[in-house]
Amino acid sequence: MPLIIKDEYPTKLFREDGKRLDGRDKHELRPIKMKVGVIHNADGSAYLEWGNNKVYAAVYGPREVHPHHLAKPDRGILRVFYRMATFSVFDRKRPAPGRREKEISMIITDCLEPVLFLELYPGTAFEVFIDVMDADGGTRCASTTVAALALADAGIPMRSLVTSVAIGRIDGELVTDLSGIEDKAGGADLPCAITWFNEEISLLQFDGDMSLDEINQCLLLAKDAMAKIYQIQLETLKNKYITIQQETTGGGQ
Amino acid sequence: MESEELDEEPEDNDEFEDEETTRDLVVPGEVLSEDIANFLPGRGTILNKEKSKIIALNIGLKQIKKNYINVIPLRGFYTPRPGDKIIALVIDKSPVKYICDINAKDVGILKPRNTSKRSKLRVGRGSSHQQEEASTEKYEIGDILIVKVLSADRLNRPELTTVGKYLGKRSNGIVISIDPPKIPRVIGRNGSMIKILKNLANCNVFVTQNGRIWLKGDDIAHERLLIDAIRKIEREAHTVGLTDRMSLFIENEKKERGIA
Amino acid sequence: MNIKRIISKIEKNYIIHNLKKEERIDGRGLWEYRNWKIDHDLIASAEGSADVQLGDTHVITGLKYEVGEPFPDVPDEGVCTIMAELLPLASPLFERGPPDEQSIELARVVDRGIRHADCVQTKKLCIKENEAVYILFVDMYVINYAGNLIDAGGVSALVSLISSHVPEGKLVEGNLEWTGKYITGDTIVKELPLVLTYGKIEDMIFLDPNLPEELICEGRMSISVTEDKVTSIQKSGPATFSVDEIKMLCQKSMEIGKKLRKGLDLWQYKVDYK
Numbered sequence: 014m015p016l017i018i019k020d021e022y023p024t025k026l027f028r029e030d031g032k033r034l035d036g037r038d039k040h041e042l043r044p045i046k047m048k049v050g051v052i053h054n055a056d057g058s059a060y061l062e063w064g065n066n067k068v069y070a071a072v073y074g075p076r077e078v079h080p081h082h083l084a085k086p087d088r089g090i091l092r093v094f095y096r097m098a099t100f101s102v103f104d105r106k107r108p109a110p111g112r113r114e115k116e117i118s119m120i121i122t123d124c125l126e127p128v129l130f131l132e133l134y135p136g137t138a139f140e141v142f143i144d145v146m147d148a149d150g151g152t153r154c155a156s157t158t159v160a161a162l163a164l165a166d167a168g169i170p171m172r173s174l175v176t177s178v179a180i181g182r183i184d185g186e187l188v189t190d191l192s193g194i195e196d197k198a199g200g201a202d203l204p205c206a207i208t209w210f211n212e213e214i215s216l217l218q219f220d221g222d223m224s225l226d227e228i229n230q231c232l233l234l235a236k237d238a239m240a241k242i243y244q245i246q247l248e249t250l251k252n253k254y255i256t257i258q259q260e261t262t263g264g265g266q
Numbered sequence: 006m007e008s009e010e011l012d013e014e015p016e017d018n019d020e021f022e023d024e025e026t027t028r029d030l031v032v033p034g035e036v037l038s039e040d041i042a043n044f045l046p047g048r049g050t051i052l053n054k055e056k057s058k059i060i061a062l063n064i065g066l067k068q069i070k071k072n073y074i075n076v077i078p079l080r081g082f083y084t085p086r087p088g089d090k091i092i093a094l095v096i097d098k099s100p101v102k103y104i105c106d107i108n109a110k111d112v113g114i115l116k117p118r119n120t121s122k123r124s125k126l127r128v129g130r131g132s133s134h135q136q137e138e139a140s141t142e143k144y145e146i147g148d149i150l151i152v153k154v155l156s157a158d159r160l161n162r163p164e165l166t167t168v169g170k171y172l173g174k175r176s177n178g179i180v181i182s183i184d185p186p187k188i189p190r191v192i193g194r195n196g197s198m199i200k201i202l203k204n205l206a207n208c209n210v211f212v213t214q215n216g217r218i219w220l221k222g223d224d225i226a227h228e229r230l231l232i233d234a235i236r237k238i239e240r241e242a243h244t245v246g247l248t249d250r251m252s253l254f255i256e257n258e259k260k261e262r263g264i265a
Numbered sequence: 009m010n011i012k013r014i015i016s017k018i019e020k021n022y023i024i025h026n027l028k029k030e031e032r033i034d035g036r037g038l039w040e041y042r043n044w045k046i047d048h049d050l051i052a053s054a055e056g057s058a059d060v061q062l063g064d065t066h067v068i069t070g071l072k073y074e075v076g077e078p079f080p081d082v083p084d085e086g087v088c089t090i091m092a093e094l095l096p097l098a099s100p101l102f103e104r105g106p107p108d109e110q111s112i113e114l115a116r117v118v119d120r121g122i123r124h125a126d127c128v129q130t131k132k133l134c135i136k137e138n139e140a141v142y143i144l145f146v147d148m149y150v151i152n153y154a155g156n157l158i159d160a161g162g163v164s165a166l167v168s169l170i171s172s173h174v175p176e177g178k179l180v181e182g183n184l185e186w187t188g189k190y191i192t193g194d195t196i197v198k199e200l201p202l203v204l205t206y207g208k209i210e211d212m213i214f215l216d217p218n219l220p221e222e223l224i225c226e227g228r229m230s231i232s233v234t235e236d237k238v239t240s241i242q243k244s245g246p247a248t249f250s251v252d253e254i255k256m257l258c259q260k261s262m263e264i265g266k267k268l269r270k271g272l273d274l275w276q277y278k279v280d281y282k
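Protein sequence lines, in the order shown, are assigned to chains A, B and C.
Residue 14 is where the first sequence starts when you use the working numbering, and the numbers rise one by one after that.
Residue 6 is where the second sequence starts when you use the working numbering, and the numbers rise one by one after that.
Residue 9 is where the third sequence starts when you use the working numbering, and the numbers rise one by one after that.
If you are wondering where the hints come from, they were derived from the structure by calculation, not from laboratory data.
Heads up, the beta-carbon is just placed ideally off N, CA and C, and yes, glycines get one too.
Worth double-checking, as some hints may not be accurate.
[Claimed, not checked] Here are some chain C residues the structure puts well away from chain B; computed CB gaps all over 12 Å: (1) Asn43; (2) Ile46; (3) Glu74; (4) Asp126; (5) Cys134; (6) Glu210; (7) Gly271; (8) Tyr281.
[What the hints assert, rightly or not] In silico lysine-lysine, DSS-like type, Cα no more than 27 Å apart, as pairs: (9) C:Lys189 - C:Lys29; (10) B:Lys98 - C:Lys20; (11) C:Lys131 - A:Lys19; (12) A:Lys39 - A:Lys236; (13) C:Lys45 - A:Lys253; (14) B:Lys116 - C:Lys20; (15) A:Lys236 - B:Lys237; (16) B:Lys54 - A:Lys251; (17) C:Lys136 - C:Lys243; (18) B:Lys170 - C:Lys17; (19) A:Lys48 - C:Lys45; (20) C:Lys20 - A:Lys46; (21) B:Lys174 - C:Lys20; (22) A:Lys19 - C:Lys189; (23) B:Lys102 - A:Lys253; (24) C:Lys29 - A:Lys19; (25) B:Lys221 - A:Lys85; (26) C:Lys17 - B:Lys102; (27) C:Lys29 - B:Lys259; (28) B:Lys221 - C:Lys136; (29) B:Lys221 - C:Lys29; (30) C:Lys17 - B:Lys143; (31) C:Lys17 - B:Lys221.
Isolated chain A (complex conformation):
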């Protein structure tokens, strides 16, 4: 039987005043909050709230590979496991991982690998577990962003961080950072991620129909947005230590 409140999409994605349905301007990001060191058992961990998205990431490694046949003798391997909680979406999701989750796990793995020095850790694995507790559009971007933070928190040598965002088109206009409704009801969606050490794209997907010009514009808008999100990642990593420095010079214990 269907749910009582239907998952219906509004016909118009812009308000009378020109703002988006959640009050944002076309290229405004949703509020983003990040924290590191949130899962004590893990070697590194991070938590991210991005709009209504709530994502945990934890890193374990380098550690032995299970099953053993996946180990590579000359380098380490990176494995990313992206999962969504049953209650993270409007229509309860089946607990077992589905095809979408497996696909996203794969593209995030490919996205993060360029910043790691896997050849230094032969025969072992780095495992990144991403669990989405609440989803509202752009979960793969949120997941990539928080996973990069967790890797840095683990003290694993990295060429740089990785940042991700989705640009899309709703009601004919290009906008930055699609929310859940905009993602579902909108026209086109381009999630991407940048590795800052070479300023190149390491994650790229696209669904919809866009002219070449629109695609170029998207990539420009993405770079802009990712630079802003990158600042938040940097602050989060440093704040963990800076706040402690401030506490101790404040003349306390």
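Since chain A is already given, all that's left is putting chains B and C on it; use the hints.
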């Protein structure tokens, strides 16, 4: 109370207290310097592809030593090096070897021949002959051993030994784990920090390179205090004035908790 | 070899030696809980949720609903089903894959404590007898494992139910429609059962085992209580308990349960949804 110091590790002197270590926090990918004419990439850093910038690889403190720019990492995992003294936990055994958890990416291997204690016997009356008798220690799964790393490389599991001063099985006390990069801070420059911990908290402490610390105090109250103190050092390793603050902390806590 | 964590002998001896003196490494007494930290209704996509930390053990639980046909033997009652997943991110001891014994035990013990306590008012979850009832899914996810998932899970399931806001539906000519109102926790929940878990090592018993204690425990006992009744018991592990010990634990559970219920003040997590 016997003092069990870690032998001096000159290269691992507490870098956190070094003058050349700044309080500049850096993160992976951060540009440390573009002056490659005058500076070289040191520990924890790398040159970018165009060889025009020095980039940090880890989250840590920036350090400038001579003309090297280094990053003293604040987080990271333990990589075994020959000569390291570490704490191992026996997790499996066979007739030919012990397999040990050493908090590294690989398990460590301890072969029986590396566990023998040699004792000298006098043979004959007044004779200057001495015979050596070798007896191998036998360990069980669950034993905590202080070991030294004999060999370690990228491809093979590290080999360990319990032959040596202070090495071997521990039968009492407790082991806690901290971030391996913070270990030098717990020792302190010339052992200054660990001296404070031992004296003021009335405890035996053995700090090892893989982030594991063995300790034993007069009673559980002292041990709790020592563990809290070590956790505080771990948390505040990157700050200034930590050694003085720790003295104060331990004194105050002793009063608060009502222990001598 | 880091799948099964082997506890060192000296740690085991240390814990036992101090338990004999009624001392625990974290300074607690034998019948004391670690610190509780609770947040509620934090998941926007869920119809109820809880974020519970007991010491370092961290569980996030969400409630979703579906509408379906009732079980034939109870045609006017809704259904509440509880599931648990021990996420691999929570501990190096947890493997990926379908729920294993530990997660099934967690789900079932929490479920039974709630089911027999007149907690979820299943008759209020009926839209039309024989045709349409609410099915509530309470799904617990372990985010960090530091011992005693059961007690943390129990409170998280309860707070999810209390904080719930399920859209109220009615059947109009065979179509399911929204009345515009919500059914909230004060309708769905009546009694507040709490589950208390004890560990046993040799002949020493203590409340709320932390991780090292739990890993060396020979036996465990989980007892669910309301203000005046015991509603479920589960003994696990190979150790045996004497009849006196069991009686003592039931008694202790009532007392500590009362104190905990008062201290947590769970009804504060009810939300008003208009």
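Status of the hints after comparison with the structure:
Every Cβ of chain B is farther than 12 Å from the Cβ of C:Asn43; the closest lies at roughly 16 Å, confirming the non-interface assignment. At roughly 25 Å, the least C-beta separation between C:Ile46 and chain B is larger than 12 Å, which holds for a residue marked as non-interface. Distance to chain B confirms C:Glu74 as a non-interface residue, since its nearest Cβ pair spans about 44 Å, more than 12 Å. The Cβ of C:Asp126 lies farther than 12 Å from every Cβ of chain B, with a closest approach of about 43 Å, so its non-interface assignment holds.
Listed as a non-interface residue, C:Cys134 keeps its Cβ farther than 12 Å from every Cβ of chain B; the least gap is roughly 53 Å. Listed as a non-interface residue, C:Glu210 keeps its Cβ farther than 12 Å from every Cβ of chain B; the least gap is roughly 17 Å. Every Cβ of chain B is farther than 12 Å from the Cβ of C:Gly271; the closest lies at roughly 25 Å, confirming the non-interface assignment. Non-interface status of C:Tyr281 relative to chain B is upheld: no Cβ of that chain comes within 12 Å, the nearest being about 41 Å off.
Between C:Lys189 and C:Lys29 the CA atoms are separated by roughly 57 Å; this puts the pair beyond 27 Å, and the hint is violated. A threshold of 27 Å between alpha carbons decides the hint, and for B:Lys98 with C:Lys20 the separation of about 20 Å falls inside it, so the pair holds. Restraint check for C:Lys131 and A:Lys19: satisfied, since their Cα atoms lie roughly 24 Å apart, inside the 27 Å limit. Taken as a hint, the A:Lys39 and A:Lys236 pair is honoured in the structure, with Cα atoms around 15 Å apart against an allowance of 27 Å.
As the CA atoms of C:Lys45 and A:Lys253 are separated by approximately 21 Å, the hinted pair is consistent with the 27 Å bound. A distance of roughly 26 Å separates the Cα atoms of B:Lys116 and C:Lys20; the hinted pair therefore holds under the 27 Å criterion. This hinted pair does not check out: A:Lys236 and B:Lys237 have alpha carbons roughly 40 Å apart, beyond 27 Å. Among the hinted pairs, B:Lys54 with A:Lys251 is consistent with the structure: their alpha-carbon atoms are about 25 Å apart, no more than 27 Å.
Between C:Lys136 and C:Lys243 the alpha-carbon distance is near 39 Å, which puts this suggested pair outside the 27 Å criterion. The suggested pairing of B:Lys170 with C:Lys17 holds, with an alpha-carbon distance near 22 Å, which does not exceed 27 Å. At roughly 18 Å between alpha-carbon atoms, A:Lys48 and C:Lys45 fall within 27 Å of each other, so this suggested pair holds. For the proposed pair C:Lys20 and A:Lys46, the alpha carbon gap of about 41 Å is over 27 Å, so the pair is violated.
The suggested pairing of B:Lys174 with C:Lys20 holds, with an alpha-carbon distance near 15 Å, which does not exceed 27 Å. With a C-alpha separation of about 14 Å, the suggested pair A:Lys19 and C:Lys189 falls inside the 27 Å cut-off, and the hint holds. For the hint linking B:Lys102 to A:Lys253, the alpha-carbon distance of about 43 Å lies beyond 27 Å, and the restraint is violated. As the CA atoms of C:Lys29 and A:Lys19 are separated by approximately 60 Å, the hinted pair breaks the 27 Å bound.
Of the supplied pair hints, the one linking B:Lys221 and A:Lys85 is violated, its CA atoms being roughly 42 Å apart against a limit of 27 Å. Simply put, C:Lys17 and B:Lys102 have alpha-carbon atoms about 19 Å apart, close enough for the 27 Å limit, and the pair holds. Restraint check for C:Lys29 and B:Lys259: the C-alpha separation of about 21 Å stays at or below 27 Å, so the hint holds. Annotation: proposed proximity of B:Lys221 to C:Lys136 is violated, straight-line Cα distance about 67 Å (limit 27 Å).
The suggested pairing of B:Lys221 with C:Lys29 holds, with an alpha-carbon distance near 17 Å, which does not exceed 27 Å. A hinted pair counts as satisfied when its Cα atoms are at most 27 Å apart, and C:Lys17 with B:Lys143 qualifies at roughly 15 Å. Between C:Lys17 and B:Lys221 the alpha-carbon distance is near 15 Å, which keeps this suggested pair within the 27 Å criterion.
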